[in-house]
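Trainee: Given the coordinates of chain C, assemble chain Z onto it according to the supplied hints.
Protein chains: 2
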Amino acid sequence: MMAHAVNIKDYMQNIGIEARKASRLMASADTNQKNIALKAIANAILRESSALLAANQQDLDAAKANGLDSAMLDRLTLTEKSISSMVEGLTQIANLADPIGEMSDFKYMPSGIQVGKMRVPLGVIGIIYEARPNVTVDAAGLCIKSGNAAILRGGSEALHCNQALAKLVQEGLAVANLPATGVQVIETTDRAAVGELITMKAYVDVIVPRGGKGLIERVSNEARIPVIKHLDGNCHVYVDDDADFDKALRIVENSKTQRLGTCNTAESLLIARSVAGTMLPKIADMLSANGIEIRGCAETCALVKQAKVATNEDFYTEYLAAIISCKVVENLDEAIAHINTHSSQHTESIVTENYTKARRFLREVDSSSVMVNASTRFADGFEYGLGAEIGISTDKLHARGPVGLEGLTSLKYIVLGDGQVRA
Amino acid sequence: MMAHAVNIKDYMQNIGIEARKASRLMASADTNQKNIALKAIANAILRESSALLAANQQDLDAAKANGLDSAMLDRLTLTEKSISSMVEGLTQIANLADPIGEMSDFKYMPSGIQVGKMRVPLGVIGIIYEARPNVTVDAAGLCIKSGNAAILRGGSEALHCNQALAKLVQEGLAVANLPATGVQVIETTDRAAVGELITMKAYVDVIVPRGGKGLIERVSNEARIPVIKHLDGNCHVYVDDDADFDKALRIVENSKTQRLGTCNTAESLLIARSVAGTMLPKIADMLSANGIEIRGCAETCALVKQAKVATNEDFYTEYLAAIISCKVVENLDEAIAHINTHSSQHTESIVTENYTKARRFLREVDSSSVMVNASTRFADGFEYGLGAEIGISTDKLHARGPVGLEGLTSLKYIVLGDGQVRA
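From first to last, the protein sequence lines stand for chains C and Z. All letters in the first sequence, in the order written, are residues 1 to 423 by this note's numbering. All letters in the second sequence, in the order written, are residues 1 to 423 by this note's numbering.
Here chain C stands alone, though its shape is the one from the complex (with noise of 0.2 Å):
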């Protein structure tokens, strides 16, 4: 723990500059030492579960003696299998292929030389999360994997479990021979790290918020160095006058009720007047089976008996509740036009067995994922093959839509020549 007297500013500074010096011996080690890393990590925590779980039960006793909620102190615990998922994660991290050093698109150009790209890591990644300890982990393993330094900063409240797995990810980033400082933890609750974390351009190239939508709006307002977040899931469904009424009925489910409180969850379903009259009441009614309210358009409160009078303010919200809102649109240009106004560009799918309209429902909806015929809930860095994912970016530039190793990467050109100059 860092002493009291140490000012908060040269604190920071001296983090920033170890993981900048760190991120050239993260960035030319090979695939074999990554791996060696993450492996190593993962046989600590197995071998150090029972004091992780002492130390958890420290972080767990001062968060109820604080009066800290159940839903907080339920994502702070940690538990036996949770312990077996971090390490099962750090194997999965382990067996995928290494991104650092992909080289593609080599072409050879009128002037001789031959032009093409290099994957490489951004440098140092500060990654600021709330209660959950396991993130510790898996950001430590993504960074590792992808070539990059890391600056975590968890919850205060998760301080004690968070210092613990920090000392294990060091000891296997030791016997890699990588340097200790590629993944450093903040030891300090103070809030002001935070601010600091945010602002060392010089030290940080990117910042990935996880947590509630206020640490993420503190985050991206006061960053002055880029930042991979994610705002809103207000997503939606559209069941088009061509959609297979199986198929629309089972997508709807899915997508509203699987989870409630994901960011993938649907929160706002769509339905063309031809077949409103038809499907809608019968979707509503496994809806309502599934104890999910609908709070609908005028015309669905006219085909739907149990549904409310929805506002104009409940087609922009994200409920991560047992609610869904519903509105009967003309056609697909409506459908397209309500989801661009309204959705928070995270994941939209349309049903519809119309080659056409699902044609342009996937080029027009601007979103980071546009879908037909399946579930909004796909929408997930495994179940998109991507391995792992360090969070699900709403943003346009660089990275857009699940985040995997990759986004933890960027692309330099190689110019291959033999002695050629510019004419």
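Treat the hints with care, as some may be off.
Stated by the list, open to error - In the DSS-like style, the derived pairs of lysine-lysine whose C-alpha atoms are separated by at most 25 Å in a straight line are:
(1) C/K117 / C/K412
(2) C/K117 / Z/K107
(3) C/K412 / Z/K247
(4) Z/K305 / Z/K282
(5) C/K229 / Z/K412
(6) C/K107 / C/K117
(7) C/K229 / Z/K201
(8) Z/K107 / Z/K412
(9) Z/K213 / C/K412
Stated by the list, open to error - Chain Z residues, not near chain C, derived (Cβ > 12 Å throughout):
(10) Y11
(11) K107
(12) S274
(13) A298
(14) T317
(15) A379
(16) A388
Everything labelled a hint here was simulated from the structure, so no lab data went into it. Just so we're clear, the structure is a prediction, and the values are computed from it rather than from any experiment. Built from N, CA and C at the ideal position, the CB exists for glycine as well.
Mentor: Positioned in the frame of chain C, the structure of chain Z alone reads:
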């Protein structure tokens, strides 16, 4: 011209709202429509070339009256030749493949969904530039082809010419049935307009500043929107122990002397100690014969009689002038360490016949372009086959190195299913 009474904030917000609306139509424009617009703009420019020259003369007269220096007047001047190269540039952009809607990487997942990516426009691009009126046309052309809406803010000294060009751009958009608001030129010279443009998060997706360091620093410090920027080009050539002397001489000469004022000009020469005694005096004589002043480390000064002593500051400096810094290094390790500490991460080249050292240099040098046996002057969108260039990015996130059409796009995920839901 906007009425003087209009509040700048309202004026800019309105431009933003119109740009956001237009961006939907620009994004869904098909390839043919975009090419028709580009060719119509080219024809309009040819047709109106005398009116353009007259508008430019108005700007030049005002600039002279305001005492602008000759370099600035030079950049401001439109000629028959610069008009034909604008027309040529538009034709080249029309001939490039359309990046929008390109689909790639489709793979089936174990769940049965097929996941891939589609290339999409960024949305609204704000471009801020200085005297050169040709940027108005280049930037408009690149934004149109990449399906983006553009808000252009040229230098106040080029206002008449930019307004005349804007009309022709809008005429071309109309011919292709695209909205005139697809490319808007800010019609006020009030600097507050830039302040609004770079903070209108809701309406602008990315800012591209093109101009001197002062402009770029102001924009990147004050922007609340991502910026694609390039700062210095302190580029290095490293002559390795295993360099071929003729290639070294040719590459150093071309990198330093072909043009002095470009960002990809070499500003620093590193040479391995084992060959410095034989090669450096000859390279230095070639540089001196080209009128280049050499500022060297102590060893350089011992070997090269005409060299002056370099300060530490020299090794961090982008001269953009007939000066080069020079340092003798022990080996590749020292060369890479020196570059990664002193360079601006723009472009670096190694001259070597050694495979292993070339490979290490490519991997370990952290710059946007890394080269073997080629002149740094090749770091350019045209030379890399991008067909056009909106700038060179020294950032790592999103675009790195020369930025062409692809740098003005993003990738969204596409999911194709047959009714799949998540288990």
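Trainee: Hints first: check each against the structure and report whether it holds.
Mentor: Going down the list of hints, with the structure as the test:
Our distance criterion of 25 Å between C-alpha atoms is met by C/K117 and C/K412, whose separation comes to about 6 Å. At most 25 Å may separate the alpha-carbon atoms for a hinted pair to count; C/K117 and Z/K107 meet this at roughly 23 Å. Distance hint between C/K412 and Z/K247 is fulfilled; the C-alpha atoms sit about 24 Å from each other, no more than 25 Å. Taking the CA atoms of Z/K305 and Z/K282, the gap is about 12 Å. The hint holds against a cut of 25 Å.
For the hint pairing C/K229 with Z/K412, the CA-to-CA distance comes to about 15 Å; that is within 25 Å, so the pair holds. For a cut-off of 25 Å, the pair hint linking C/K107 to C/K117 stands: about 10 Å separates their Cα positions. A threshold of 25 Å between alpha carbons decides the hint, and for C/K229 with Z/K201 the separation of about 15 Å falls inside it, so the pair holds. Taken as a hint, the Z/K107 and Z/K412 pair is honoured in the structure, with Cα atoms around 15 Å apart against an allowance of 25 Å.
Of the pairs offered as hints, the one joining Z/K213 and C/K412 holds, with about 23 Å between alpha carbons and a cut-off of 25 Å not exceeded. Distance to chain C confirms Z/Y11 as a non-interface residue, since its nearest Cβ pair spans about 24 Å, more than 12 Å. The claim that Z/K107 lies off the interface is violated: its Cβ sits roughly 6 Å from the closest Cβ of chain C, which falls inside the 12 Å cut-off. Listed as outside the interface, Z/S274 is consistent with that label: its C-beta sits roughly 20 Å from the nearest C-beta of chain C, beyond the 12 Å cut-off.
No Cβ of chain C approaches the Cβ of Z/A298 within 12 Å, the least distance being about 27 Å, so the stated non-interface status holds. The Cβ of Z/T317 lies farther than 12 Å from every Cβ of chain C, with a closest approach of about 18 Å, so its non-interface assignment holds. With a cut of 12 Å on Cβ distances, Z/A379 falls inside the contact zone with chain C, its closest approach being about 7 Å. Every C-beta of chain C lies more than 12 Å from that of Z/A388, the closest at about 15 Å, which supports listing it as non-interface.
Violation of the numbered hints given earlier is confined to hints 11 and 15; the remaining hints are satisfied by the structure.
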